[in-house]
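Enquirer: With the hints as constraints, model all of the structure from the sequences given.
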Amino acid sequence: MSFAQEERFKRECRSLGMITVGIILFAIGINWFINPSGLYVGGVTGISQIISRLLYSTWGIKINLGLLIWSINIPLLLISYKFIGKRFTYHTLYTVTLMTISLNVIPEISFSDDILLNIVVGGMIYAVGSGTILKYGGSTGGIDIVSQILSMRTHGSFGQYSFSVNCVIITIAGFLDGWEIALYTILLMFVQMQIVDRIHTPHQSYTVFIVTNKQDEVITTLQNRLGRGITIINAEGAYTHQNRSLLMMVVSSYELYIALRLLSEVDPRAFTNVLQSTQIQGNFDRKIVDKA
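Numbered per our numbering, the sequence shown spans residues 1 to 292.
It should be emphasised that the hints constitute simulated quantities derived from the structure, not laboratory data.
Where hints are given, some of them may not hold.
Below are the BS3-like pairs computed for lysine-lysine, each with C-alpha atoms no more than 30 Å apart in a straight line [claimed, not checked]:
(1) Lys10 <-> Lys86
(2) Lys82 <-> Lys214
(3) Lys135 <-> Lys86
(4) Lys10 <-> Lys82
(5) Lys82 <-> Lys135
(6) Lys214 <-> Lys10
Pairwise CB distance ranges (calculated) [stated by the list, open to error]:
(7) His241 <-> Ala270: 17 to 23 Å
(8) Trp179 <-> Leu275: 19 to 25 Å
(9) Met18 <-> Ser57: 54 to 60 Å
(10) Arg8 <-> Asn213: 26 to 32 Å
(11) Ser57 <-> Asp114: 23 to 29 Å
(12) Lys62 <-> Tyr257: 42 to 48 Å
(13) Ala270 <-> Trp179: 54 to 60 Å
(14) Lys10 <-> His241: 56 to 62 Å
(15) Asn104 <-> Ala270: 45 to 51 Å
(16) Asn213 <-> Ile106: 33 to 39 Å
All C-beta atoms, glycine included, are put in the ideal place defined by N, C-alpha and C.
Expert: Written out as structure tokens, the structure reads:
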């Protein structure tokens, strides 16, 4: 195994490890706080909750929530493979499968009858789990896939798209269980959206300035891995009066972690300054997931 392959293998293991942690938090939030309160979450999980409760209340049919989520996600995974990429799709398949197991293994426990307390605590745990899964290249499937595609093609945040799509679930929840539950569900989704957007921030972009003595190596490495354009600015050190290369590139927050890691490998002595970019105009392709 080459050095590059070994590094990629380690990175994949770290990603899958963090996705696993996110899945456990996701399932705890659902089974310990959200389901016992009769609340609904967003996406395919929320749709599955509605179908499951409707079948049970109407015909007395009890269907496994985890398996229902997994079944609905199958066609969406095919869409993900085509429009987003194989790495994201494989991670999503891993996530949805392990999530199905976790929802069945972790028992449903009620800690409190206070619905607001369940919204805050359960929403936080659930959202931290979802955000962690997304940050490390996976998703909980369903609406996450649709939101990722929309977020890749526009400048809106992932959480805002998810919230817009979930309005349908809120409306159905109102008709099924009353508008009070629907209003509480809105509050839960709002808490989720705020936390997820702070953990998973691909809609944010950053300008990276790099002062390096290894111009060609740095440019080749960054362009081969990220496919981003880099501007070369001639610079001079004020103290040494030596000519230096000042490189400028714009990346998404997802790519920023990769860029900084590559820089530390190619030129550990490079001086790097990162600034958040509030507005970008022109030819900038937003890449928020690793398609490799």
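Enquirer: Any hints this thing doesn't respect? Which numbers, in order?
Expert: 2, 8, 9, 14, 16
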